[in-house]
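Engineer: Okay, here's what each chain looks like letter by letter:
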Amino acid sequence: MITLNHYLFVSGLLFALGLSGVILRRSLIVIFMSLEMMLSAANLSLVAFSRFHLVDGLPNYNGQALVFFIITVAAAEVAVGLAIIVALFRARQTTSVDDITSMKY
Amino acid sequence: MMPAYYLEAAVVILGLVLMVMEAFVEKADKSLIAKMGIVGLLVVLVSLFFVSGPAEGDDAPIWSFYAVDPMALFYKGFALVTTILVLIMSLDYRSVLQHYMGADQEKPGAGIGEFHYLPLFTCAGLMWMASAKDIVSIFVALELVTISFYVLVAFMRRNVGSLEAGVKYLILGALSTGFFVYGLTWLFGLSGETELSKIAAALGNDDSAMVRYPKALLFSLAMILVGLGFKIAAVPFQIWVPDVYQGAPTPITAFLSVGSKAAGFVVGYRIMEPFFANHVAPQLVTLILAISGATILLGNLAAVAQENFKRLLAYSSISHAGFLLLALGCSSSTTSPVNVEGVMALYLGGYLAMTLVAFHVMCLVRAQLGSEDLSAYKGLSKRSPFLAGVLLVAMISLAGVPFTAGFIGKMYVFLMALQSRYFVIIALAVVGVGAGFYYYLKVVRAMYWDDAADDQSVQISTLSKVAMLTMVALIVILGIYPTPILNLFAA
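Sequences listed follow chains A and B, in order.
Heads up: the first sequence begins at 2 in the working numbering, then just goes up one per residue.
Heads up: the second sequence begins at -6 in the working numbering, then just goes up one per residue.
Honestly, the hints are just simulated from the structure, not real lab data.
Since the structure is predicted, the reported quantities are computational estimates derived from the model, not experimental observations.
Among these hints, one or two may not hold up.
Covered by chain A, per the in silico footprint, the following chain B stretches (three or more residues, Cβ under 8 Å) [to be verified]:
#1 2 to 12
#2 122 to 134
#3 150 to 163
Just so you have them, the derived chain B footprint on chain A, three or more residues with Cβ under 8 Å [said to hold, decoys possible]:
#4 33 to 42
#5 68 to 76
All C-beta atoms in this analysis are idealised placements derived from N, C-alpha and C, irrespective of residue type, glycine included.
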């Protein structure tokens, strides 16, 4: 029997993986991908909470509605984000975070 | 009287109309777009006084996620004023934008029209956020603001600094969204509700998962605090601030430091408020106070060494976030006649005026003298007595000299903290204010005591003069007579 805890555990694992990807990887594209993984973690736990929190025998659809908003917003974020990364690549020929250090105090 | 959400609709429609118009305006001069935006937003600002909430018996679904209370109306006005001033600044900043957009001689305005209408969408997001009282609408409004900021920060695409700032803001902004959403998810999971008032109601029920699992609730609130910490620039989530502020176009830096911070505090207050009178309150308050103390100390001490005016204001913005957090931390224990909402509104209102004046001067100096370093401000009183005068008022207000808005805001925060007996944080804050006097007055010294390298003067348009004088008047009026704002929030 798969319980809410199992879903939450996987979701937490996804979140932790995403976070460690953001912190450890040096390529902007991979970092950006890891960020999307963190949002997916939130989506997974939302759906799980919604499914296991029955209202009148039906899942709590408020949570699932939020999932659609998160997916849409994430898509918008990717559209803008990749455009910025492309612009950076055209200016600097690099997408590594080690090279974007022109501002120092 | 009309429903309050007409205002957001009006701002979005204005933005869309200008977006379409932009394609047809002559390429040589895109300033028309900004001027129309300013006029349109002024009209919306006036109509703010003629809006109403739900009528008796009106239970349309929108009122379940859209609040119309003094707080919402105040911060709507706040967003509108900020955006109008940002648009005025962007007119003064055009020459820099044109330089970095690689414009040719025949079409100097090509490619900068977007810069004049995108702030309207940010404004609509900020206004919606002031009213949002449902997890879903909070999230969507917050992202509308953040995503339009990504574009605006990275706008000067031939300038490496702006692009780097854009990428840094993008990565850390998206990271903060990740934390924020994960926190909201758990809040939803524990309460089974998305509406904040229903979550607050569920807190009173002992069977609620929020009461049975206080650790999970604290985890969720901590995640939300992390996400908002990025938006308001609180330590340790402030790492992006100096670089992004320095690299972004100056009007957008001003927008970020005022609009984004105010929105973060409104959302933070709305989400956290029910939990301040609750079993998790002690831990929550400790967390907020710890962040607040670190923010005040780091922001002020790091600002001391700065030689770039924009970076200096970035650290100053961090330190002001610390004072505002201190006010938020007093929510559960203060017994003073003024309430926390009132003090936060007063502090942010004064902060808006003084920060926008400082950034406006910076726009003009950058566009005409070509530098953002403090050395460019040497002898500014000879180049332009007007600019030096308004910047002087802004600086002494930021430092907290009596009879200015900055002083009165800090005074109320200190009073609340004293009542709540947070003596350690007060000691840190006093150190911070002391350091503040040093680095704000460093700017004043450069303007009045040092000599300019050359005798180039700075030209100021009438519109900018009016805008700056209005803000200076606001600083002085709030500094002497803050009662109207405090009364607005009195129970």
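Engineer: Check each numbered hint against the structure and report the violated ones by number, ascending.
Structural biologist: Those not satisfied come down to hint 1.
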